[in-house]
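A.B. asks: Those sequence lines, one after another, are chains V and A.
Here the first sequence is numbered in our numbering, starting from 1 and rising by one per residue.
Here the second sequence is numbered in our numbering, starting from 1001 and rising by one per residue.
I should point out that these hints are in silico values taken from the structure, not numbers from a laboratory.
Each hint should be verified, as a subset may be incorrect.
[To be verified] DSSO-like cross-link-like pairs, simulated, lysine-lysine; straight-line CA separation at most 27 Å:
#1 Lys1177/A - Lys95/V
#2 Lys1431/A - Lys9/V
#3 Lys70/V - Lys1162/A
#4 Lys9/V - Lys1162/A
#5 Lys1344/A - Lys1216/A
From a predicted model like this one, the values you see are computed outputs, not experimental measurements.
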Amino acid sequence: MLDVSRVQKELMECNRDKAISGVSIVLHDGGSDLSHLSGTITGPVGTPYEGGTFQIDISLPSGYPFEPPKMQFITKVWHPNISSQNGAICLDILKDQWSPALTLKTALLSLQALLSAPEPDDPQDAVVAQQYLREYPTFVATARYWTEVFAKRTSVGIEEKVQKLVEMGFSEDLVKNTLESVNGDENMALEKLCSG
Amino acid sequence: MADDDDFQSSSDLEGADCYFSDQDDVLEETVLQVLEDGREEDCHWSVSSVITKESLLAAQKEDLRKVMDLLALREQHARTLLIHYRWDVERIFELLEQKGKERLFSEAGVTTIQHKGLDLPDSSDPVECNVCFENVSRSTVTEMDCGHYYCNDCWTEHFIVKINEGQSRRIRCIAPKCNAVCDEAVVRNLVSARHPDIADRFDRFLLESYIEDNNKVKWCPSAPHCGNAIRVEGDIYCEVECACGLQFCFSCLSQAHSPCSCLMWELWTKKCHDESETVNWITVNTKPCPKCHKPVEKNGGCNLVACICGQAFCWLCGGATGRDHTWSSISGHSCGRFKEDQEKRTERARRDLYRYMHYHNRYKAHTDSLKQESNLKETIQGKISISENKESKIKDYAWVTNGLNRLFRSRRVLSYSYPFAFYMFGDELFKDEMTTEERELKQNLFEDQQQQLESNVEKLSMFLEKDFQDFSDDEVMDTMSHVINLSNVVDRLCKQMYQCIENDLLYPLQRATHNIAPYKSKGLERASELSLCWDSDQSMSVKTYPEDSYAQQNLTANGSGATLPGRHSVILHGSSSDESGCSSRKRARTDGLGGAARFDLNMPAEVVDKN
């Protein structure tokens, strides 16, 4: 049922200008299942999310693109329309306002836009929304802290991990490739490197 | 509240204040009453008609045509507009004034301005579909009125998903943020090419929108479903009778329950079905055994109670004891300490239960009487045919049937007046609306009326049960005049009670709105077959009240019978119907004055007066 050729075209189209758009999509866990994808968006400049990279789990229902894709933040984020518990997103185009003429890329761009313009009157996370409305400075500080801790850790962490593994005697290129293939898990990378 | 008088036995002596043996007085008085009532009833005007599977299309077409004519629209656009505005033609005309055509249309998703051909390239080159991203030939691309085009496969898929989601009535264009509703002909054509069954479903949804998205039309709640829907013009707080014979409240779709409001009736049925009262009884009258925890009822004797499981316990405190005891004390046990809280709770539960039982017993008694009296119908038919074949100068026994129908109707009102009183004067709904003194005053006022009604209904019932077929002519005449008089009195009392409810009880309430279906002197009118030409009032009124429905109505047992044609009563009184329906009297006058053709007595006075 899933329109495979459309999804493939979408992936190509989306990743062609990822440097400019700040959004990209890959198959989940480097697998081959076209219905389970991972999206990445960069935090918009001038917001508490600036500098962060946010991972989004995308699963496509069999009726896609006539039914909306299901999206959820994997990276923890402090935002009125995104659950701080499980990353669930409250966005109209992912529900009744979805149109088959929209794409995964436009949906991710909408998420990026949502990061810069929260809608606290239609909240997913009531606690965050209240803080946004009543103590805006605290909200900004918390959002920035969460970005710092959760949305930047992988990039900072990877350099440290590479450094560590290189110090163990592996070549830098090999370490980087291995780490990438196991999604940055240090222990699994080490295991893989050791087993050759 | 009324004590447990036996109304039947006291019927001949008491209650003379509302029982007139002098016919002329009654007549005069009722005519005056009727003139007053006529005005009262105007605000509750409503007419119901049946929409069957066959007439649904026609009913819908009628509204469509009105909108198509006035706004010069195609049928599909008129339908989209009507679905959006819930088939309220008047509202559309109103909004047309306020908002103007442009906004009226765009909010509903109607695109009449042709955008076609603006975006789609002219050449015969293949075009790219923006959903599947394939290059397709122009012949397999469809463009909607809004100018957006996609390939037929994608359109079809989109339509099927929307129909399956139950959104047939408003399938929007694929383009993001485009509010235009898709052309139903395109939907039908494309979908039926692949899934004819889904296309059928789409058509049915569009057709049934006239019922589902319409405040003035509701499905008949019969089970198994008769397939009909009822349309009401005028006041929607009314009770209707479907062509299948089911009588129901149009507002809440449960059985007819006037003078209870829908909320009162909902609470009452829930309370009656609920075990909460049983639980209350158990709390008041039993104690759980400390060993097996079954509820134990005390059947007399001292306060040492023994459960069937063998355990002995103290009835006062519920604690387990030994078996040795004296008349006043149990050995090794003392529990004289007073626990106020528990005492109060028990007292309160006892009082609530007592109050509920009072109202429920009376409600139940009248409902049971109604059931028994409907068996009377056959017996009475038998008596009538015996009488008619007798050597006698009295040939007309319409008064018996009329009296019986009056009995059914007033009995119903009486039985539902008890749950009404239960909530009207209880704490549940109106606790903060009235002071205790106000409540007491109103309760007395209402109960006086209720009691008068009750005693006269019982008298009527008694006279109708007489074996008049064995009577002499004089005795028959006597019974007849009693029945006719009592019918009039009972009808008037019902009316007064409704007036009391509306003007004295419910009207002064500040917060709560309780709409009560109006009292219908002639019983519920069966919804008429839908008239398909509404062009003139004349054709409407004639079709709305077909005369032959009178015969059917008289056969239904629930007191729904129609008035018998006026000529019977003319013979008896030389005046008007003994049914004393206010509107029928009014009509009789109009008839006499105008000397016009014979009117259908089931028509509301307003219709006749207009003519």
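A.B. asks: Could you run down the list of hints and mark each one as holding or not?
C.D. replies: Evaluation of the provided hints:
This hinted pair checks out: Lys1177/A and Lys95/V have alpha carbons roughly 13 Å apart, not beyond 27 Å. A threshold of 27 Å between alpha carbons decides the hint, and for Lys1431/A with Lys9/V the separation of about 68 Å lies outside it, so the pair is violated. For the suggested pair Lys70/V and Lys1162/A, the alpha carbons sit about 18 Å apart, so the restraint of at most 27 Å is met. For a cut-off of 27 Å, the pair hint linking Lys9/V to Lys1162/A stands: about 25 Å separates their Cα positions.
Straight-line distance between C-alpha atoms of Lys1344/A and Lys1216/A comes to about 49 Å, which puts the hinted pair past the 27 Å bound.
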